[in-house]
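Kindly generate the complete structure, drawing on both the sequences and the hints.
This is what each chain is made of:
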Amino acid sequence: MTTARQAGLVACVTCGRVDRRGAEECARCGDTLPHQSRRSLQTVWAWLFAGIVIYIPANTYPMLRTSTLLDKSESTIIGGAIELLHYGSYGVAFIVFFASIVIPIGKFIAIGYLALSLRRARPDRVHQRHLLYEVVEFIGRWSMIDVFVVAILSALVQLGSVATINPGIAAVSFLLSVAFTMLAAQSFDPKLIWDADEEPQ
Amino acid sequence: MTEPKAADPVVRRARGPRFSVVWLVPILALAVSLGIAYQTYAERGVLIEIAFDSASGIAAEKTELRYRDVTVGLVEDVRFSDDLGEVIAAVRIDRNLAPYLDENAEFWVVRPEISAQGITGLNTVLSGVYIVGQWDSTAGAARTRFDGLENAPINNPDEDGTRVRLSARDSNSIIAGAPILYKGIPVGTVEAPDLAEGGEQVIITGFVRAPYDEIITSDTRFWNISGVSVSLDTSGVSLNFSSLASLVQGGISFDTFVPGGDAVADGTEFPLYADESAARSSLLNDPTAERLRALAVFDGTVGGLAEGATVRFRGVPVGEVDNVAMVAGERDGRKVVRMRAMLAIIPSRLGLSNEDGVEEALDLLSVYVEEGLRVRLATASLLSSDLVVDLIELPIDEEGEAEIVMTEMGIPQLPTIEAEVSDLNATAEGVFQRINNLPIEEVLASVQGLIDNASALVASDDIRAVAPGINATLADLRALQPEVTSTLEEFRTITPELTDTLDEATATLEEVRLIVAGLRESGATENVNNVFASAANAADAVEAAAGELPKLTARLTTLATRTEKVIESYGDNSRLINGALSTLRDVSEAADALRSLARTIQRNPNSLIIGR
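These protein sequence lines are chains X and F, in that order. Under the numbering used here, the residue at position 19 of the first sequence is numbered 19, and the numbers go up by one with no gaps. Under the numbering used here, the residue at position 439 of the second sequence is numbered 1439, and the numbers go up by one with no gaps.
Simulated from the structure, these hints should not be mistaken for laboratory data. Be aware that one or more of the hints could be misleading.
As the list claims (entries may be wrong) - Simulated crosslink set (DMTMM-like; lysine to aspartate or glutamate; CA at most 25 Å straight-line):
id: 1; chain 1: F; residue 1: 1062; chain 2: F; residue 2: 1094
id: 2; chain 1: X; residue 1: 72; chain 2: F; residue 2: 1113
id: 3; chain 1: F; residue 1: 1062; chain 2: X; residue 2: 189
id: 4; chain 1: F; residue 1: 1183; chain 2: F; residue 2: 1160
id: 5; chain 1: X; residue 1: 72; chain 2: F; residue 2: 1049
id: 6; chain 1: F; residue 1: 1062; chain 2: X; residue 2: 137
id: 7; chain 1: X; residue 1: 72; chain 2: F; residue 2: 1094
id: 8; chain 1: X; residue 1: 72; chain 2: F; residue 2: 1363
id: 9; chain 1: X; residue 1: 72; chain 2: F; residue 2: 1500
id: 10; chain 1: F; residue 1: 1062; chain 2: F; residue 2: 1150
id: 11; chain 1: F; residue 1: 1062; chain 2: F; residue 2: 1113
id: 12; chain 1: X; residue 1: 72; chain 2: F; residue 2: 1076
id: 13; chain 1: X; residue 1: 191; chain 2: X; residue 2: 137
id: 14; chain 1: X; residue 1: 72; chain 2: F; residue 2: 1069
id: 15; chain 1: F; residue 1: 1335; chain 2: F; residue 2: 1393
id: 16; chain 1: F; residue 1: 1565; chain 2: F; residue 2: 1461
id: 17; chain 1: X; residue 1: 72; chain 2: X; residue 2: 83
id: 18; chain 1: F; residue 1: 1183; chain 2: F; residue 2: 1082
id: 19; chain 1: X; residue 1: 72; chain 2: F; residue 2: 1077
id: 20; chain 1: F; residue 1: 1183; chain 2: F; residue 2: 1276
id: 21; chain 1: F; residue 1: 1183; chain 2: F; residue 2: 1094
id: 22; chain 1: F; residue 1: 1551; chain 2: F; residue 2: 1500
id: 23; chain 1: F; residue 1: 1062; chain 2: X; residue 2: 83
id: 24; chain 1: F; residue 1: 1335; chain 2: F; residue 2: 1370
id: 25; chain 1: F; residue 1: 1062; chain 2: F; residue 2: 1076
id: 26; chain 1: F; residue 1: 1183; chain 2: F; residue 2: 1219
id: 27; chain 1: X; residue 1: 72; chain 2: F; residue 2: 1219
id: 28; chain 1: F; residue 1: 1183; chain 2: F; residue 2: 1266
id: 29; chain 1: F; residue 1: 1551; chain 2: F; residue 2: 1497
id: 30; chain 1: F; residue 1: 1551; chain 2: F; residue 2: 1461
id: 31; chain 1: F; residue 1: 1335; chain 2: F; residue 2: 1359
Below, the structure written as structure tokens:
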């Protein structure tokens, strides 16, 4: 089976008209034809890089500022997870650790891997890579779980001097980091996985 | 059928490798991240190290450093010094404050503390301990290594006030932090009591806060209010302690009793008196005060009057006894030795000014003496045999007039009166002796016997039966009395007649003897006849008188009979009489005993109540 790419054609995503590759605009509707080139990857890299950069303060700065009558504490993401572990809440500690550390870092790696794999001369395991992309795309929003917790706690626990919880810088950073990685995943065109496979050498 | 043919594409040459706008996002993110990082770094404080003996309660990343109750730092790390001798708390402190952390900076740990002055640091029970820093407001050579204090310093070095050095024989349990009170208001605190050089004295440094330090002048007296004082005087026993804090921590009070002192500089030394009265009387020792010297000469012993004894006027000390000496003198033509006390009276204590006070005081005393002021010795207190000199005012008519006389030495002499010295021991002994001497047992026994007898008498049947008899007897006696009286009266009237009769008889016999003699001499019959006639007359008179005698005899007999009856009736009731007599004797004894008791009590009527 020949693909449009193999035939040297490209379809307009707006009206479906098939044009020859290399055309800039659709002959029928005048829309810009999808670009299959590096520019797409450039966006991915940009978002990914932004996500990674902003992920650093998300981990070094406090996520939650808890001040109670007795105590005042600031906890970072990993610190909170370790604290939970100390208290014996292994389940919650695992969820926090998984959602806030494993998933974001996994996403960085996955997106990076997907983007890099396109450069390979002889790509393989195309299906697995597409599956990986689907998973990254799907799981993206779920790493917001920490942000949700912080948002809800900050809204609920405002008991004056008895107990107050405020979000720290890390909450915003983490939110941005997740958002940037989602954008990175979205700007990644899964077709490229397949295209790379079929690119005539 | 034509194959669909691709339209002619509008091909534009790709414009090289373009940079997407999206790249702005990571650049922005990087910039923001770096910005936050830089800000964090810039705000990051200076790390200082504070060495403590122990780090009780200091926790890394938790214990705060506060300055004026504002959190300015946080302990980052707690570790040991190299020789394990100290605990070093590394504190990240606000960058802006770093220049002020010079050698004046002091740090200590605030812990909850319950002391006599109250509970402090209670907030640290919940929040944990914190470190307090204190430094002055001038920037100096910044340091990063400090030694923490074990306890909070007593006074802020910045605070305005005056520091005084109080010298005392011993610290009297005054400890650092004890309050300094002025009229009961805490106006300062005691810093550390310390041994003076040589170890003879204790120097207690006290700090009196502004504006109270203005009260302190060179005339101010400080005294100790530590502990409890129990005083026993005429108003009873009183227990005094200033406050609970001063009971535990000790305390110092001060007052300026006389105005006009000079302002004092920081660090002036004052003596610390044992109590307020000592402080007050110390004013008498003011060597600069002018004194009015006056003599007072006492008869009798002045044992207990020592040099330095107080001179009181209306109960207020106005001076003291300078010396006591014996002087030989003459009184009523006899040479006697008397005691002479030199009194030093301070005019200012009498409310006179210091300058021309001596003259004025003398004038004042002269006026008072004319109105009855006298010098008298009195016991200083109930329990001691010390004497004081009292200037008392007596009604002028009681003591006669007196005036201040100038002695040869040019020292005025005040009139004295007899001492009112009560030796407590002697008095008490006497009181006990007297109480001991009271015949209480005998009185009780007598009273007991009287009551017994009386009750027996009252209970006997005889007494009831006898009562009417007694009445009748008494009535008879009463009725008999006039008769006896009249009989005796008649008897008395008869008696002269009898006397006359006897006289006449005697005269007759004389005449007879004369007649017989005449007859013997002359023998005349006529005379004999006359004699017989006279004799007959005399015999008639005697006969007439004798005629009256039986009547008298009868009356006497009747009287005797009746008397006999009465006596008989008494004889019948001899038991009653015995009883009554014994009762009367008992009553008499009881009365005697009561009288002696009454006399004993009368001598000292209040002795039984107040015991002296």
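Going down the list of hints, with the structure as the test:
{"no.": "1", "hint": "1062/F to 1094/F", "in the structure": "holds, 16 Å"}
{"no.": "2", "hint": "72/X to 1113/F", "in the structure": "holds, 23 Å"}
{"no.": "3", "hint": "1062/F to 189/X", "in the structure": "violated, 50 Å"}
{"no.": "4", "hint": "1183/F to 1160/F", "in the structure": "holds, 20 Å"}
{"no.": "5", "hint": "72/X to 1049/F", "in the structure": "holds, 23 Å"}
{"no.": "6", "hint": "1062/F to 137/X", "in the structure": "violated, 42 Å"}
{"no.": "7", "hint": "72/X to 1094/F", "in the structure": "holds, 18 Å"}
{"no.": "8", "hint": "72/X to 1363/F", "in the structure": "violated, 80 Å"}
{"no.": "9", "hint": "72/X to 1500/F", "in the structure": "violated, 148 Å"}
{"no.": "10", "hint": "1062/F to 1150/F", "in the structure": "holds, 20 Å"}
{"no.": "11", "hint": "1062/F to 1113/F", "in the structure": "holds, 21 Å"}
{"no.": "12", "hint": "72/X to 1076/F", "in the structure": "holds, 15 Å"}
{"no.": "13", "hint": "191/X to 137/X", "in the structure": "holds, 14 Å"}
{"no.": "14", "hint": "72/X to 1069/F", "in the structure": "holds, 16 Å"}
{"no.": "15", "hint": "1335/F to 1393/F", "in the structure": "violated, 30 Å"}
{"no.": "16", "hint": "1565/F to 1461/F", "in the structure": "holds, 24 Å"}
{"no.": "17", "hint": "72/X to 83/X", "in the structure": "holds, 15 Å"}
{"no.": "18", "hint": "1183/F to 1082/F", "in the structure": "violated, 52 Å"}
{"no.": "19", "hint": "72/X to 1077/F", "in the structure": "holds, 17 Å"}
{"no.": "20", "hint": "1183/F to 1276/F", "in the structure": "holds, 12 Å"}
{"no.": "21", "hint": "1183/F to 1094/F", "in the structure": "violated, 43 Å"}
{"no.": "22", "hint": "1551/F to 1500/F", "in the structure": "holds, 19 Å"}
{"no.": "23", "hint": "1062/F to 83/X", "in the structure": "holds, 16 Å"}
{"no.": "24", "hint": "1335/F to 1370/F", "in the structure": "violated, 29 Å"}
{"no.": "25", "hint": "1062/F to 1076/F", "in the structure": "holds, 8 Å"}
{"no.": "26", "hint": "1183/F to 1219/F", "in the structure": "holds, 16 Å"}
{"no.": "27", "hint": "72/X to 1219/F", "in the structure": "violated, 55 Å"}
{"no.": "28", "hint": "1183/F to 1266/F", "in the structure": "holds, 22 Å"}
{"no.": "29", "hint": "1551/F to 1497/F", "in the structure": "holds, 15 Å"}
{"no.": "30", "hint": "1551/F to 1461/F", "in the structure": "violated, 44 Å"}
{"no.": "31", "hint": "1335/F to 1359/F", "in the structure": "violated, 34 Å"}
Hints 3, 6, 8, 9, 15, 18, 21, 24, 27, 30 and 31 from the list above are not met by this structure, while the remaining hints are.
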